[in-house]
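Engineer: First to last, the sequence lines map onto chains P and X. For the first sequence, counting from 1, position 24 maps to 24 in UniProt numbering; every step adds exactly one. For the second sequence, counting from 1, position 436 maps to 436 in UniProt numbering; every step adds exactly one.
Where hints are given, some of them may not hold.
Remember, identical chains collapse to one label, so a pair may be satisfied in a single copy or spanning two.
With a straight-line cut-off of 25 Å between C-alpha atoms, the simulated DSS-like cross-links for lysine-lysine are [what the hints assert, rightly or not]: (1) 171 to 436; (2) 270 to 193; (3) 112 to 90; (4) 270 to 246; (5) 393 to 193; (6) 90 to 254; (7) 193 to 112.
In case anyone wonders, no lab produced these hints; they're calculated from the structure.
Protein chains: 2
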Amino acid sequence: MGANSSSFSLSISSPNHHLFPSSTLNHSKSPSNFIISPSYHTHFPKSLSKSPLNSPPKCSIKQTKTNPSINSPKNPVFDPHTIDSELVQKLVHDALVWSSLHGLVVGDRNVKRSGLVPGVGMVHAPIALLPNSFPEVQWNQACELAPIFNELVDQVSLDATFLQDTLSRTKKVDAFTSRLLDIHSRMLQIGKKEDIRLGLHRSDYMLDEKTNLLLQIELNTISCSFPGLSCLVSELHRTLLSHYRKPLGLESQKVPINTSASKFAEVLGKAWTEYNNPSAVVMVVVQPGERNMYDQHWLTATLKERYPFLLYFIDIRLIVIRSNRGVFGLLKSNPELINTHNVTCIRKTLAEIEAQGKILSDGTFQVDGEAVAVIYFRAGYTPTDYPSESEWKARLLMEESAAIKCPSISYHLTGTKKVQQELAKPNVLERFLENKDDVAKLRKCFAGLWSLDDLDAVKNAIHQPEGYVMKPQREGGGNNIYGDDVKETLLRLQKEGSEEEAAYILMQRIFPTVFPTVLVRDGICYKEHAVSELGIFSAYLRNKETVISNEQCGYLMRTKVSSSNEGGVAAGFAVLDSLYLT
Amino acid sequence: MGANSSSFSLSISSPNHHLFPSSTLNHSKSPSNFIISPSYHTHFPKSLSKSPLNSPPKCSIKQTKTNPSINSPKNPVFDPHTIDSELVQKLVHDALVWSSLHGLVVGDRNVKRSGLVPGVGMVHAPIALLPNSFPEVQWNQACELAPIFNELVDQVSLDATFLQDTLSRTKKVDAFTSRLLDIHSRMLQIGKKEDIRLGLHRSDYMLDEKTNLLLQIELNTISCSFPGLSCLVSELHRTLLSHYRKPLGLESQKVPINTSASKFAEVLGKAWTEYNNPSAVVMVVVQPGERNMYDQHWLTATLKERYPFLLYFIDIRLIVIRSNRGVFGLLKSNPELINTHNVTCIRKTLAEIEAQGKILSDGTFQVDGEAVAVIYFRAGYTPTDYPSESEWKARLLMEESAAIKCPSISYHLTGTKKVQQELAKPNVLERFLENKDDVAKLRKCFAGLWSLDDLDAVKNAIHQPEGYVMKPQREGGGNNIYGDDVKETLLRLQKEGSEEEAAYILMQRIFPTVFPTVLVRDGICYKEHAVSELGIFSAYLRNKETVISNEQCGYLMRTKVSSSNEGGVAAGFAVLDSLYLT
Chain P
1 MGANSSSFSL
11 SISSPNHHLF
21 PSSTLNHSKS
31 PSNFIISPSY
41 HTHFPKSLSK
51 SPLNSPPKCS
61 IKQTKTNPSI
71 NSPKNPVFDP
81 HTIDSELVQK
91 LVHDALVWSS
101 LHGLVVGDRN
111 VKRSGLVPGV
121 GMVHAPIALL
131 PNSFPEVQWN
141 QACELAPIFN
151 ELVDQVSLDA
161 TFLQDTLSRT
171 KKVDAFTSRL
181 LDIHSRMLQI
191 GKKEDIRLGL
201 HRSDYMLDEK
211 TNLLLQIELN
221 TISCSFPGLS
231 CLVSELHRTL
241 LSHYRKPLGL
251 ESQKVPINTS
261 ASKFAEVLGK
271 AWTEYNNPSA
281 VVMVVVQPGE
291 RNMYDQHWLT
301 ATLKERYPFL
311 LYFIDIRLIV
321 IRSNRGVFGL
331 LKSNPELINT
341 HNVTCIRKTL
351 AEIEAQGKIL
361 SDGTFQVDGE
371 AVAVIYFRAG
381 YTPTDYPSES
391 EWKARLLMEE
401 SAAIKCPSIS
411 YHLTGTKKVQ
421 QELAKPNVLE
431 RFLENKDDVA
441 KLRKCFAGLW
451 SLDDLDAVKN
461 AIHQPEGYVM
471 KPQREGGGNN
481 IYGDDVKETL
491 LRLQKEGSEE
501 EAAYILMQRI
511 FPTVFPTVLV
521 RDGICYKEHA
531 VSELGIFSAY
541 LRNKETVISN
551 EQCGYLMRTK
561 VSSSNEGGVA
571 AGFAVLDSLY
581 LT
Chain X
1 MGANSSSFSL
11 SISSPNHHLF
21 PSSTLNHSKS
31 PSNFIISPSY
41 HTHFPKSLSK
51 SPLNSPPKCS
61 IKQTKTNPSI
71 NSPKNPVFDP
81 HTIDSELVQK
91 LVHDALVWSS
101 LHGLVVGDRN
111 VKRSGLVPGV
121 GMVHAPIALL
131 PNSFPEVQWN
141 QACELAPIFN
151 ELVDQVSLDA
161 TFLQDTLSRT
171 KKVDAFTSRL
181 LDIHSRMLQI
191 GKKEDIRLGL
201 HRSDYMLDEK
211 TNLLLQIELN
221 TISCSFPGLS
231 CLVSELHRTL
241 LSHYRKPLGL
251 ESQKVPINTS
261 ASKFAEVLGK
271 AWTEYNNPSA
281 VVMVVVQPGE
291 RNMYDQHWLT
301 ATLKERYPFL
311 LYFIDIRLIV
321 IRSNRGVFGL
331 LKSNPELINT
341 HNVTCIRKTL
351 AEIEAQGKIL
361 SDGTFQVDGE
371 AVAVIYFRAG
381 YTPTDYPSES
391 EWKARLLMEE
401 SAAIKCPSIS
411 YHLTGTKKVQ
421 QELAKPNVLE
431 RFLENKDDVA
441 KLRKCFAGLW
451 SLDDLDAVKN
461 AIHQPEGYVM
471 KPQREGGGNN
481 IYGDDVKETL
491 LRLQKEGSEE
501 EAAYILMQRI
511 FPTVFPTVLV
521 RDGICYKEHA
531 VSELGIFSAY
541 LRNKETVISN
551 EQCGYLMRTK
561 VSSSNEGGVA
571 AGFAVLDSLY
581 LT
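Looking at chain P on its own, in the form it has when it is part of the complex (with noise of 0.2 Å):
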């Protein structure tokens, strides 16, 4: 195994909005040609939830010493380290006043009200100062693997049969799949269909440093976060790449554009416009208290902003086939007839939809006197979103309805790690997908996957323990097993013989470069070393007839802080970033 390991732990990797809490990152021992000191991980603290009021005034510069060997990442474009601070002071104020202005912003933890009310305790959100080097062949090879994910998805949501027996032993050692998957039985018994699906997903990857392949972490079908503030990370980078283009050498169409947002508010609205009922709104399903706002209110601000010109882009695209005549330049000269179809957009808790929300006699889902034709869960993906009968009744009351569920509970169960592991075995994959090449660009993706009644994996696993991760069913981050804690988890379950064994997966734990990067949180930059992971979201919307959207739609690159997992599992921080091609 090549230099350092890592590998996200769920709440890192997992689809939701755990960026700002510190998270875990695990290495292995390092090995003699990466050794990643202490003196790397002690700058970045675990905690920033002081008073900012303790903070220095302006944005320090926390430096780290500078260790050669780990300056030779495998795309060594530039060392962002190796630029002199005043330089850095500029971009760092510079990215800060480009991300207050644009939005960039997140709910300040310090602020009890950010969470609650928009518009008060806003900063930054924490971001990379650079973007971050990566092979445009991987990305290329990312880009092209999501339509095929989608058009999978799509297929092993219709199997039932297959979601059921492959979840049949994890749902009676977890609770939170056995819920979802009760669901999905009622559904499956009153005959429900759902004609109109909708998909918001995000394939996360890594590149594994020693073999340069690009391996698959995960694939989120519910609630994937960021869409909103990643497409304006890259902004960000492509205007300080352009402005500070002489002292940085850089060139800033080297960072994709980024178009995540726009793309799923365009999706929404299609999905939006295939319920067929210009009043009914668009539902975002929200945690309470959520700081990670912004980013779900640059999707329906986006939505509310964009979608009348969808709407009349149908409409004349109807007129062009039947007629041929241009008519477009005509009705964008009207603003006003624009404005009059917005789609409305309201946001409501688990808890605020069981208590107003129930289905009317034709199967619409009404919440508070208004149709919802689109439900969007950025809630719901963790057992903590389900603290009482209240919230599960919510959710088996929107999979009833015949509004948009983005996801179905299939959807949602399609992308559970134990049905990605089941994806893995061989002749699986072609029980959902025709096409040969399809089914060969995904397997070249994954990454080892095994269950643990495979026991060869976990003979192997006991023998090289730093070689695995084992990963537990349930989501919330936190919870996955590295090193020899993987040998001792493994042999307890061998002794005891237990079920528990169903709750987790074994997975490869890849081992990505790390690299040299400027991070900056709450207006102070640290150099840090750090590792990434990309996220390439996904739409895809299909009514009875047709495939409507199947499309890549843009990227998250998140950079988290290595740490070595002296002791055990050590904490990581994890930020926007974008992509540079190499």
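Starting from the known structure of chain P, fit chain X onto it as the hints suggest.
Structural biologist: Just chain X now, kept in the frame of chain P:
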């Protein structure tokens, strides 16, 4: 005198950014037809400096009792107090989200670092939820006056004797004006000429309810605040009116498009071009700990983003004239070329300028090693900006340099109240403006202005103090004298026979309409009654040969909670607003 009387104190009508601290707003005792009961004034707290943790989680609406006599402004398009509370909630939520995403933000006074580091401790700017009705005739009048006032400032600034003579008595009693005059004298002494003259002005008006006349409060020639944020408020209001067209029944186009940020940035860019040194920077002179920094950042960000286009536009125009070929499209298609000429902007306090600045032998002003093309003052207008001799040294150094000053010391002095009062005397405008129509237009907007050596005026003011305001020359806010205090102060000054009277001017008290409004601050909305003041931004740029820019650039509507002045000076609170033309 009709209805409620109100005149803004210095702290509000002054050019600076005293929007956030509670500021004074005064009324005479209300005549019977417009009784402002105390219940209207207790809802907007004078200070909200308590922790937001104690604030309600959702936008609470503070409802005032309806007083029918108040709901009859002269231009009663709609009364926002009659909007149902559910719709108000939606509007407030959307307004707060829009503000957060679009950079309509300020530093939160509760976060100490918010004035020191960008991107931390941000909160939405205090705003009126909906625009304020304003008659189109007076709006057009105010716009028409902008270039005439620009021309007047330029002409007055060239008459050194007029400035020195007019301010000679003020000099003896006002230390701040005295220091400014010393710098002015020094420039005369060394024969310093400003060939390139740049003014970014704001002329503030109120609409007198009784006469329906647009009357000038003052003309600001230094540090005019809110060109960056006011245009965002107009855009916010247009967006809300458009999205809620049906329930509100208002037309978004009736909110005039506000180009204050882009126009100010454009003229700053043009001035930079005139200076003709591509490596020179634009320097913003700032107060330390500026919480209104985003208002300033909007100008410099726009300048940086936009300026390359201006530069190329000039190049292209020359090519077009010479060869009659359309080359513009070609250049536009090469973004890299465009990106190489960004204007650099730096921010410095007066103390930093004193420490880092020097004048090179050719007159170039250099700060921290960088040549300065344009000095844009957003500090230096008030005595508190000069806590030591260092700041005065910095001011003198800048004035002596070849950099373009916005404003020069002459422009600054031209904006003083004493000069305003002198210009209002018969036959004075005619000394500076040839066009008689222009003179008539300016005179029409002048409120009554008198010096304290005008014995008739003083006599009248003692007899009828409620019709006058005493304004001290000194900037800084909260020093205006109203009501019985006018009488007492005038009698005291008469008795003492001191020079102190030269520190004041007498101004006709303006009585604007009190109207119902909804204000939003710190995420909380308030139904209040308020008065407002219209500021018209204008830019003027000329070189030795020709006037390059002389135009109206945008507007600032400030709306303040009206307060009775039982017991003297009462506190009001100001928010950013926009216009709805009637």
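Engineer: Indicate, hint by hint, whether the structure satisfies it.
Structural biologist: Now the hints, each set against the structure:
no. : hint       : result
1   : 171 to 436 : neither (32 Å within a copy, 89 Å between copies)
2   : 270 to 193 : within (20 Å within a copy, 63 Å between copies)
3   : 112 to 90  : between (31 Å within a copy, 22 Å between copies)
4   : 270 to 246 : between (43 Å within a copy, 24 Å between copies)
5   : 393 to 193 : within (19 Å within a copy, 78 Å between copies)
6   : 90 to 254  : within (22 Å within a copy, 41 Å between copies)
7   : 193 to 112 : neither (42 Å within a copy, 56 Å between copies)
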